[in-house]
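The chain contents come next:
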Amino acid sequence: MIRFIFKAILRDKNRSVLPVTVVAIGVFLTIALSGYLSGMLGDMIDQTARFQTGHVKVMSRAYAENIDQMPNDLALMDIEALHEELNRDFPNYTWVNRINFGGIIDAPNENEQSKGQGAAMGMAIELFSKTSGETERLNLENSLVDGRLPQKSGEVLIGYEFAEKLGAKVGDELTFMGSTMYGSMAFASFEISGTVRFGVMAMDKGTVIIDFSDAQRILDMEDATGEIMGFRKEEVFMQDEVIEMRENFNAKYANDSDEFAPIMKTLGEQNSMGSYLDLVDSVSAMFVIIFVLVMSIVLWNTGLIGGLRRYQEFGIRLALGEEKGHIYRTMIFEAVIIGIIGSVIGTALGIIVTLLMQKYGIDISGMMKDATMMMPSTLRSKFSPQLLYIGFIPGLFAMVIGNMLSGIGIYKRETATLFKELEV
Amino acid sequence: MKYIIAIFFTIIFALQLSAQDATEILEKVDDNMNSETSITKSDMIIYGRRNSRTVTSVGYAEGKNKSFSEYLAPAREKGTKMLKLEDNLWIYSPSTDRTIQLSGHMLKQSVMGSDLSYEDMMENRKLTEMYDSEVIGEELIDGRNTWVLQLTAKVVDASYESRKIWVDTERYVPLREELFAKSGQLLKKTELKEVKKIDGRWYPTKMNYKDMLKDGKGTDFVVLEIEFDTEIPAYIFSKAALKK
Numbered sequence: 052m053i054r055f056i057f058k059a060i061l062r063d064k065n066r067s068v069l070p071v072t073v074v075a076i077g078v079f080l081t082i083a084l085s086g087y088l089s090g091m092l093g094d095m096i097d098q099t100a101r102f103q104t105g106h107v108k109v110m111s112r113a114y115a116e117n118i119d120q121m122p123n124d125l126a127l128m129d130i131e132a133l134h135e136e137l138n139r140d141f142p143n144y145t146w147v148n149r150i151n152f153g154g155i156i157d158a159p160n161e162n163e164q165s166k167g168q169g170a171a172m173g174m175a176i177e178l179f180s181k182t183s184g185e186t187e188r189l190n191l192e193n194s195l196v197d198g199r200l201p202q203k204s205g206e207v208l209i210g211y212e213f214a215e216k217l218g219a220k221v222g223d224e225l226t227f228m229g230s231t232m233y234g235s236m237a238f239a240s241f242e243i244s245g246t247v248r249f250g251v252m253a254m255d256k257g258t259v260i261i262d263f264s265d266a267q268r269i270l271d272m273e274d275a276t277g278e279i280m281g282f283r284k285e286e287v288f289m290q291d292e293v294i295e296m297r298e299n300f301n302a303k304y305a306n307d308s309d310e311f312a313p314i315m316k317t318l319g320e321q322n323s324m325g326s327y328l329d330l331v332d333s334v335s336a337m338f339v340i341i342f343v344l345v346m347s348i349v350l351w352n353t354g355l356i357g358g359l360r361r362y363q364e365f366g367i368r369l370a371l372g373e374e375k376g377h378i379y380r381t382m383i384f385e386a387v388i389i390g391i392i393g394s395v396i397g398t399a400l401g402i403i404v405t406l407l408m409q410k411y412g413i414d415i416s417g418m419m420k421d422a423t424m425m426m427p428s429t430l431r432s433k434f435s436p437q438l439l440y441i442g443f444i445p446g447l448f449a450m451v452i453g454n455m456l457s458g459i460g461i462y463k464r465e466t467a468t469l470f471k472e473l474e475v
Numbered sequence: 708m709k710y711i712i713a714i715f716f717t718i719i720f721a722l723q724l725s726a727q728d729a730t731e732i733l734e735k736v737d738d739n740m741n742s743e744t745s746i747t748k749s750d751m752i753i754y755g756r757r758n759s760r761t762v763t764s765v766g767y768a769e770g771k772n773k774s775f776s777e778y779l780a781p782a783r784e785k786g787t788k789m790l791k792l793e794d795n796l797w798i799y800s801p802s803t804d805r806t807i808q809l810s811g812h813m814l815k816q817s818v819m820g821s822d823l824s825y826e827d828m829m830e831n832r833k834l835t836e837m838y839d840s841e842v843i844g845e846e847l848i849d850g851r852n853t854w855v856l857q858l859t860a861k862v863v864d865a866s867y868e869s870r871k872i873w874v875d876t877e878r879y880v881p882l883r884e885e886l887f888a889k890s891g892q893l894l895k896k897t898e899l900k901e902v903k904k905i906d907g908r909w910y911p912t913k914m915n916y917k918d919m920l921k922d923g924k925g926t927d928f929v930v931l932e933i934e935f936d937t938e939i940p941a942y943i944f945s946k947a948a949l950k951k
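Residue numbers (our numbering), protein chains in the order written: chain V, 52 to 475; chain E, 708 to 951.
Next up, chain V with everything else stripped away, as it sits in the complex (with noise of 0.2 Å):
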């Protein structure tokens, strides 16, 4: 029988190149816009997670409060104890010192007078560590436009546009001027080892990266730090599972009334991602359904088309005498054929443009001359799994329903009235 449709299909070129075109067109579209959605709005998330939020960020209650200002005055204390305890409680989890801080680079010349100077945004990494995976975290090492990463204290890396500004390069003396932590002034020469592409113009605009350990000599936060940052050893966010941490872990805070008490956060309550959590999950599920739904009218009429077209032909195989029900599941059984070749052919080119998507994205860094927003330069799909079934199960279903819907005229048809009109 399936033998027999499928001969049909290859045969009849009419009966098979539109609907497979159509479904073809349909799943690609689905799994292309998905594959690019996820990878736009995933980017976004790791990025944020990266860069500023981590899985979960532990900080003091006040500084969490005032996180917008790098409140490093309100630094948390004693952080070698906490590590422990988080160690302890949470050996999943990487977790690591960060600290922003906010100042002045002033770049001097040969006479020692500043040739440039800027406000710059600050971050402290344990660059130096063996175990603390920052710099692969931050992808630094294959963002390097020249030189390279910090060796020794006194180094710093500095977003390329940002040395350009200040007519710096790699070897050159950097002067910084901020605020230590009980808010004396701090001055501190470094010496460009690298520069850096983020890929955040936001950053590459004025962004320097030191080791964790100068930002606390410089700063005066000797066992202290700004934040501590905890990353899923597999680097995959877990919402339900940091989720279950926080609640463990503050609620062993719950009575303490010092504002300096340790507090954590996850992603989804930090730089408002959580209801930009909410939108990924709920924007691929969006697609499906508006696929399904434009897909099964659009076959319903490809199918009507279909139909009429083959209304003779079903007229006389009626008044030979087979039976509607057979024509029907024919019918079904060809348009399963034919939405599984439009879904394999579909499915197929979307992953093929998904993983082109991914490795050569769409460099967008034209448009983002003057943007401040932490959003990545290039704009990627990513692949998933989930990628080869989310178009091609709609694919069938809606040509399949399709199908059904625009067949069911065939019970329609009176074998008294057949032999009438196949005469006209």
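Among the hints, erroneous ones may be present.
Anything over 12 Å on all C-beta distances counts as not near chain E; from chain V, calculated [to be verified]:
| no. | residue |
| --- | --- |
| 1 | LYS58 |
| 2 | THR99 |
| 3 | GLU163 |
| 4 | PHE179 |
| 5 | GLU187 |
| 6 | LYS203 |
| 7 | TYR233 |
| 8 | ALA237 |
| 9 | ALA253 |
| 10 | GLU320 |
| 11 | TYR411 |
Now the stretches of chain V that chain E is said to cover, found in silico as 3 or more residues with beta-carbon under 8 Å [stated by the list, open to error]:
| no. | region |
| --- | --- |
| 12 | 112-125 |
| 13 | 218-232 |
| 14 | 288-299 |
For the record, the hints were derived by calculation from the structure and aren't laboratory data. Just so it is clear, the structure is predicted and the values come from calculations on it, not from any experiment. Note that CB positions come from ideal geometry on N, CA and C, so glycine has one too.
On the provided structure of chain V, position chain E as indicated by the hints.
Quick look at chain E alone, frame taken from chain V:
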């Protein structure tokens, strides 16, 4: 009709009188608070949420365009120097042995975590040069009668669009000041206390500056010693003095 004209001219006259009075008051405030030169040793007490710090400095000023400060304590700040010439500000740090010039929006940054910005510290033009004034009332502050003056900027580069100052009616010393942004938002508040007669002029020796956009008690500025119209060697106001 005669009554209306009479009332109209009375109002105009009263307004002119008020404006004239306000300008006179402000001129006397300027005369009292400004001098040819001054040498001030002071403590700046910065109140944080965790602790408080006291920064001691000595400042030299000549006219409205030249000033030089050297920080004496605590150890972390010792040797830091600032020089202001016209609209330029240089800061010298002994730890890096570098002099950095600050300009533009950098001047809006806080000085040593205090409630004062570099811009605030640099602003020493006379009030009459920068603001139009108007007396809007009288109030009692700590038992002293004050005029309440509303000042509105008449120059485009004033740090604050408007100010409200409470001036002691006898001593011509401001006892309170509120600084507003263009939007009308209150940005800073200053309380001036412990007014003493020094070298024939009344001068507040304790001031509290409060940045209204920050939490906390603000920053106290306590004058330990002050000399007016003392000769200051010219080299003090040079960049070479920063590294000395």
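Comparing the hints with the structure gives:
no.: 1; hint: LYS58; in the structure: 77 Å, holds
no.: 2; hint: THR99; in the structure: 27 Å, holds
no.: 3; hint: GLU163; in the structure: 6 Å, violated
no.: 4; hint: PHE179; in the structure: 22 Å, holds
no.: 5; hint: GLU187; in the structure: 32 Å, holds
no.: 6; hint: LYS203; in the structure: 18 Å, holds
no.: 7; hint: TYR233; in the structure: 6 Å, violated
no.: 8; hint: ALA237; in the structure: 9 Å, violated
no.: 9; hint: ALA253; in the structure: 17 Å, holds
no.: 10; hint: GLU320; in the structure: 22 Å, holds
no.: 11; hint: TYR411; in the structure: 39 Å, holds
no.: 12; hint: 112-125; in the structure: holds (count 3)
no.: 13; hint: 218-232; in the structure: holds (count 4)
no.: 14; hint: 288-299; in the structure: violated (count 0)
Going through the hint list in order, the structure does not satisfy hints 3, 7, 8, 14.
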